[in-house]
Amino acid sequence: MSGTEDNYVAGLAAQWASTDPLEQWVNAAPHGGPTPLDETVREYLGDHNPFPDETAVEVLRHDRSTWDSAVIVERVGVDEWTVEYADGEQAWRSHLELRPASVSPAS
Numbered sequence: 000m001s002g003t004e005d006n007y008v009a010g011l012a013a014q015w016a017s018t019d020p021l022e023q024w025v026n027a028a029p030h031g032g033p034t035p036l037d038e039t040v041r042e043y044l045g046d047h048n049p050f051p052d053e054t055a056v057e058v059l060r061h062d063r064s065t066w067d068s069a070v071i072v073e074r075v076g077v078d079e080w081t082v083e084y085a086d087g088e089q090a091w092r093s094h095l096e097l098r099p100a101s102v103s104p105a106s
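The sequence shown begins at 0 in numbering that gives the first Met the number 0 and counts up by one.
No false leads were mixed into what you were given.
Here are the in silico distance ranges between beta carbons for each label pair:
{"#": "1", "residue 1": "Gly76", "residue 2": "Pro99", "range": "18 to 24 Å"}
{"#": "2", "residue 1": "Gln23", "residue 2": "Glu79", "range": "24 to 30 Å"}
{"#": "3", "residue 1": "Glu88", "residue 2": "Ala27", "range": "45 to 51 Å"}
Source of the hints: derived by calculation from the structure; they are not laboratory data.
In this text, all values refer to a predicted model and were calculated from it rather than measured experimentally.
All C-beta atoms, glycine included, are put in the ideal place defined by N, C-alpha and C.
Use the sequences and the hints to build the structure in full.
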């Protein structure tokens, strides 16, 4: 994945950094330049949970070929969530492997 267009949490973190007064101050510092995106994501995840318990999500398969439906069971770390698939299997996943469930158009 490259950039915020491919990464749901990176997009949220970039939006947060553009409006958070402390992040704006840090990014405006004369030396060092803007905070790298991965650091901004870590800072964002420290205070925000983009995938609350019982949220329907899609999980990227290990071969990166497609996304599977699952539900968040719990957040187990700053960047780690337990997900449960329809068959009851559970796994730990990072923000790079999660995105909100697609909304199907009404029939």
